[in-house]
Amino acid sequence: MISSLILAVCIGLTVPGGFDLNTATLHELQELDGLDSQQAFDLYSYIYETGGLLSIYDVMEIPGFGAEELEYLRNNCVVVPPSEGRISPDIISIMERLATEDGPGDAAVDMWENYLLRPIPINSATSWQLRSLDRVSLIDAAAVERRLNTLGPVSSVYSLRNADDLTYYGYRNLRDYVSVRDLDLSSMEFFGSYRIVIDGGDGRDDDEEGLSMMLSDLHSAICDLEEGGRGYTDADSIAWTERLASEHSELLQAVNVTGWEHRVRMGLGDRFRGGARLSRGRNSSSGFGLFSDIELGDLNNRFDIAKGFVSMENIGVVNQVVLGNYNISLGQGLMIDNSDELMYRSTYRTWGLYPDLTSTRQFALMGGAVEMRAGPILGYGFYSSSARDALRSIDGTPNILVMSTVRTWPYADVVKETTFGGYGFYDFGGFLPWGTALGLGGMRITYSDSIVPDWTSMDIPGDAQNWDCPEYDILTAAKTSSFIGISAQTILDNVSLEGEFVRQDNEAVAMLARGRWQNDYFYLLGIWRHYDLGYSNPYNRGFTEQLRYDDTVFEKPYYLNDPLASQLAQWPTPKPEEGLYIESRFQVSRSITFTKVYLDLWRSIPWNFDNHRFQGEVEYRPDFPVRFRLKCKYQAKTKMHDVIPTTSRTTEYTFRTFFLPSNSDYFDVQLRYGMVELTPNPRYGDDRLMTGGYIAVRWEHNFSQNLSVLGGTTLWSTNGMSQWEFEDTGIDFLDGDGTKFYVTIKNNLSDNLQFRLRVLRKDTFYPRTGLYRPDPDDAFYYEGDPGSPVRDFCDHVTDYGIRCQLDFRW
Amino acid sequence: MSIIAAGILSLITAGLPEVMWLGNPVGSASAVSHGMGECGFMEGSALGILENPSLLGISEHGLQVEFSAGMDFFVEKRTRRVYDQFESSIGESEFAFNKGIGFFPGGVALAVRGLDGLPESLAFAAGWRVPAFYGYSYERTVRDAAYVITGDERLDVSGILNEFALAVAFIPSDVFSFGLAGGYVTGSRDVTWEVTHVDPVLDSIRSNRSETANGIVTRGSILFSPDRRVFVSAALEYPMPLSISPQADGDPVTWNVLSETDYDLDMPMILRLGSIYIPGNSLRSRFTGEFFWSSDGSLEFEGENLGMKNSWGVNAGVENTLPGGPVARFGFGYRRSPLASALDRMSFTAGLGFCIGEWNLDLGAGFSPDRWRQTEISGLPSFVAGDSLTVEETDTRVMFSISRVFDL
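Line by line, the protein sequences are chains A and B. Everything in the first sequence is counted per numbering that gives the first Met the number 0, starting at 0 for the first residue and increasing by one. Everything in the second sequence is counted per numbering that gives the first Met the number 0, starting at 0 for the first residue and increasing by one.
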């Protein structure tokens with residue numbers, strides 16, 4: 000009580016005498032002469048429900064309390080405001096932002112969240128650690144390292160603000176993840192989090208690679224087979240029919256399956272980390288076994304991904320050792336980066352070794368990995384043994400690895416992959432400019448069975464399509480592949496130069512060099528890359544414009560023996576290409592900024608087609624709460640198409656405005672229109688023009704620091720040019736004509752508990768006209784009623800999504 | 000068509016009730032919990048107490064009364080898949096479109112705690128609630144190949160199940176309370192199927208079936224409060240078999256030629272767990288989470304297992320007092336179907352609460368989409384031969400409740 004009074008008096012919020020209302024019992028409040036028993040109960044309830052009074056004046060919020068009660072309480076009681084939580088609202092807000100991110104940074108997001116709760120001790124940080132943080136460039140990381148090594152430790156993170164060559168953007172992005180605390184290796188503070196996500200709803204999942212399309216493609220292929228129109232031998236025909244029918248039946252089990260995710264992470268001081276994940280994706284199949292050779296009964300039917308890890312940190316020269324699932328991304332990602340998503344033109348990559356609880360399955364590394372630092376040498380070693388999905392030839396031979404979006408028995412866990420390797424870096428910092436290093440690494444991948452590419456198992460023998468896919472045809476039968484790579488980096492004031500060269504044992508190479516020049520108002524980034532046609536490293540995530548099997552036959556399920564082989568089009572490694580990418584940002588004045596301007600000139604190596612893409616975006620900010628952005632994009636790309644190449648010319652305009660009508664509201668309106676022009680092709684006859692566009696509006700209202708509601712709506716119309724829209728939690732595919740709306744509620748109930756709920760409705764309309772066919776063999780028909788003539792109709796697809804996420808932290 | 004209404008048809012058609020027979024469950028009887036993800040089990044209002052009597056341990060002292068009612072807006076679309084000459088699907092063509100609005104009572108209840116003459120450790124509640132109702136209308140205009148109207152099909156299902164319940168709780172301390180409740184369930188269901196033809200040569204069909212149901216349900220629950228901000232409760236609901244008395248008349252269509260003999264239907268035992276967490280923040284938040292498990296897998300009809308799976312579900316909801324405004328609620332629910340995974344269902348709910356003098360007026364709304372193919376679920380009645388229809392439905396439900404606590 001005395002300490003409370005002292006504190007209360009010190010902070011000047013109370014008057015002398017009395018007891019603290021926030022800690023008073025109901026009985027004590029009922030003893031007060033100035034309040035009747037109902038008022039005492041209401042005051043007690045208010046304090047209980049709100050967590051405490053911030054000042055004595057808060058009692059005026061309680062119904063039935065007026066000036067008289069306030070005066071009485073002022074004279075007889077004190078208020079000691081409740082102490083702030085362990086996690087500040089700012090940190091919660093960053094966690095909220097990170098929680099919405101998925102994909103390439105997923106593993107790193109886990110690590111960043113750990114850093115938010117237990118920041119990196121900045122005075123012992125290295126540029127290697129700092130560059131792993133969200134959007135902190137190598138120049139920024141090296142600037143901090145140089146500052147610490149030349150001028151000594153800092154007493155506050157803010158002191159870094161004046162470090163030479165550290166941009167404000169870099170400083171702003173790293174400041175939340177670092178502190179001036181000392182590494183406390185004796186601490187046994189237990190912290191962690193548990194997350195549960197339920198992702199469901201109902202709908203047709205009609206996206207390009209959606210389940211509904213797969214089922215439709217399989218149905219079509221099965222009917223085609225039954226009619227004997229594919230030119231197979233009798234044996235092959237029976238075998239393919241059985242396989243496709245089995246796949247169709249399995250995929251039906253995945254329709255409208257609700258996604259579940261349980262994820263727990265724990266830590267003990269600065270030494271130990273652990274975590275586990277059990278999940279099943281929405282509309283995904285399961286039952287393939289969570290772990291190879293381990294029978295887990297019904298768990299195998301309920302979930303399709305199980306991951307876990309334990310890690311130890313700061314043990315002598317060992318910075319980190321991870322046992323279980325881990326994610327590793329080194330150099331420029333040409334040799335090893337095992338995330339499962341490759342974002343086009345992504346210039347930011349996570350760097351380093353992380354425990355892995357992401358949804359990655361096909362590229363999950365399971366085994367052990369270590370990061371060591373001895374003087375100027377930083378070394379990484381890793382070993383993994385894990386099952387991999389692969390397409391099989393009709394005789395059962397593994398044909399090519401595939402990343403299945405929906406798994407089926409014929410292709411699940413076909414081969415076991417053993418991967419091991421290491422990468423060492425010699426840090427010349429101090430002797431040469433800080434951030435200068437040279438690296439050397441190697442990796443070997445071995446499969447339990449030889450993978451034998453065989454295009455005849457992909458191509459329908461009796462169709463009119465010629466098989467031509469150099470990206471596939473270059474692959475040779477192999478059981479192992481090895482890679483050796485070197486990398487280098489240096490910083491010259493505010494310019495960084497980096498590069499990596501990797502050679503595969505088939506003599507194919509991948510090379511990438513990048514340079515960046517930056518200051519507070521400007522940066523210029525240049526990336527040159529070259530990937531040989533034969534460079535087939537599944538862990539290559541280098542900068543690229545296209546995926547390896549983009550613009551190939553694998554984009555067309557109806558040209559393939561098994562339509563599900565078209566999932567290879569999502570294989571997340573770069574296309575064999577060579578090109579130069581230049582990107583810049585330039586703040587001309589306080590109100591005008593070229594937010595992102597880039598030009599990519601690249602050659603598609605398989606066919607030697609030259610392509611280019613340009614995008615320019617300018618922002619005008621006449622006043623702080625209002626911003627306008629205009630973006631123009633132009634792209635010319637050529638692809639091989641039935642003997643004669645086809646060139647597409649894409650033009651797209653986007654106008655966007657953001658404004659803040661009040662401190663608690665945020666509006667965002669976006670208008671986009673695009674068109675694609677195709678050059679003449681025998682397939683299409685004349686020139687063909689496709690168009691599409693949308694208007695999207697979002698509004699977020701913050702009722703308080705801990706409760707916000709975000710609502711959005713989009714209207715779109717397309718004529719052949721489908722659209723991709725970035726929503727608040729992901730990318731959505733827009734086709735046909737339609738409209739959608741969504742609402743997201745974010746509620747931070749306390750430091751420990753956060754609740755996020757999202758609901759979406761999407762209506763898409765596809766007018767189907769001209770369906771009359773006089774020839775019965777050429778006619779459209781209704782399933783279950785083939786005799787009735789089909790009339791024109793409008794296919795109205797309604798999709799619902801309901802997603803609930805609960806985070807509990809301690 | 001609601002899967003549950005469809006189940007009723009199934010029950011009376013094939014005689015093998017492979018689907019649920021209790022109609023559209025009202026779920027949470029109070030608009031407060033309806034807006035919080037239908038967390039009715041942990042709702043301490045008078046109507047909620049009938050479902051979880053141990054919540055009397057945290058109910059307000061005095062006489063608490065509550066009345067609730069709701070409206071159900073149901074939209075259903077039946078479609079047929081259309082294929083091109085390459086056997087590729089080009090989309091789904093609408094076959095029938097139904098929508099309807101139904102009103103239903105939620106119930107009325109009172110709870111008493113702190114009554115003079117009664118021990119402080121005893122409290123009780125009584126009331127009438129509606130655990131489920133039947134409401135479905137299907138109508139389709141039949142056309143021939145030339146698009147000429149040839150007739151009309153219509154199905155109507157209506158009815159209600161009532162429960163008259165009594166609850167009592169023993170509250171030995173602030174940490175524990177124990178509750179018992181019992182209810183008498185009674186209600187009826189009417190089904191009418193009508194087919195008319197434009198051509199007078201063809202006979203029209205009209206068939207009716209009415210059924211009455213009676214039964215007893217018992218509940219026991221416990222409430223534990225390990226911390227002043229945390230409440231945990233567990234309950235077991237054990238129903239007796241439901242006695243059904245059917246009556247059929249009209250044309251003898253296939254589904255309505257069963258005998259009119261009375262029969263008993265097993266009801267599932269339900270285990271419920273729930274918790275309330277009051278974090279104590281400026282929004283005066285309240286978080287509620289629930290889980291239930293139902294023994295559908297062990298149910299039998301005339302000695303035969305019904306072939307269903309045990310089912311379970313989770314619900315979660317949050318209540319916040321908006322600065323200077325009303326109480327806002329939102330939540331979600333998820334329920335695994337005892338029949339097929341295609342029928343698993345999620346719902347999204349939201350609600351508002353207002354204080355008008357001494358009275359509390361609460362509104363809650365929720366919607367729940369569903370989509371399945373007729374071929375995925377056995378036991379459903381078909382509307383066309385070789386039925387492979389896709390059924391898309393959205394059930395939107397709005398509830399209001401009014402409540403007040405009177406001093407004793």
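These aren't lab readings, by the way, just hints derived from the structure by calculation. Since we're looking at a predicted model, the values are computed, not measured. For every residue, glycine included, the Cβ atom is placed at its ideal position computed from N, Cα and C. Don't take every hint at face value.
[Claimed, not checked] Label-pair distances were calculated between CB atoms; the ranges are:
1) A:Met-342 with B:Val-74: 32 to 40 Å
2) B:Gln-84 with A:Leu-670: 33 to 41 Å
3) B:Val-74 with A:Leu-714: 20 to 28 Å
4) A:Phe-725 with B:Trp-358: 54 to 62 Å
5) B:Gln-84 with A:Phe-613: 39 to 47 Å
6) A:Gln-252 with B:Thr-395: 40 to 48 Å
7) A:Glu-226 with B:Lys-308: 47 to 55 Å
8) B:Thr-395 with A:Arg-772: 49 to 57 Å
9) A:Thr-417 with B:Arg-227: 53 to 61 Å
10) A:Pro-775 with B:Thr-260: 22 to 30 Å
11) B:Arg-227 with A:Asn-662: 51 to 59 Å
12) A:Phe-725 with B:Cys-354: 53 to 61 Å
Look at the Cβ atoms of Gln-84 (chain B) and Leu-670 (chain A) and judge whether their distance stays inside 33 to 41 Å.
Check passed, 40 Å falls within 33 to 41 Å.
Range first: 53 to 61 Å. Now tell me if the beta carbons of Thr-417 (chain A) and Arg-227 (chain B) are that far apart.
holds (55 Å)
Would you say the C-beta atoms of Pro-775 (chain A) and Thr-260 (chain B) sit inside 22 to 30 Å of each other?
violated (51 Å)
Given the hint of 40 to 48 Å, check if Gln-252 (chain A) and Thr-395 (chain B) actually sit that far apart at their C-beta atoms.
Given a distance of about 29 Å, which is not inside 40 to 48 Å, the answer is violated.
Range agreement (Cβ of Asn-662 (chain A) with Cβ of Arg-227 (chain B), hint 51 to 59 Å):
violated (34 Å)
Cβ separation of Phe-725 (chain A) and Trp-358 (chain B), checked against the hinted range 54 to 62 Å:
violated (46 Å)
Is the gap between the beta carbons of Phe-725 (chain A) and Cys-354 (chain B) within 53 to 61 Å?
For Cys-354 (chain B) against Phe-725 (chain A), whose Cβ atoms are near 41 Å apart, the range 53 to 61 Å is violated.
Are Glu-226 (chain A) and Lys-308 (chain B) spaced within 47 to 55 Å by their CB atoms?
violated (38 Å)
Evaluate the given range 39 to 47 Å for the C-beta pair formed by Gln-84 (chain B) and Phe-613 (chain A).
holds (42 Å)
Please check whether Met-342 (chain A) and Val-74 (chain B) have a Cβ separation lying inside 32 to 40 Å.
Roughly 39 Å apart at Cβ, these two residues keep to the hinted range, so it holds.
Hint says 49 to 57 Å; check whether the CB-CB distance for Thr-395 (chain B) and Arg-772 (chain A) agrees.
violated (40 Å)
Quick check: does the Cβ-Cβ distance between Val-74 (chain B) and Leu-714 (chain A) fall within 20 to 28 Å?
Cβ of Val-74 (chain B) to Cβ of Leu-714 (chain A): about 21 Å, so the range 20 to 28 Å holds.
The structure fails hints 4, 6, 7, 8, 10, 11, 12 (numbered hints given earlier, in ascending order).
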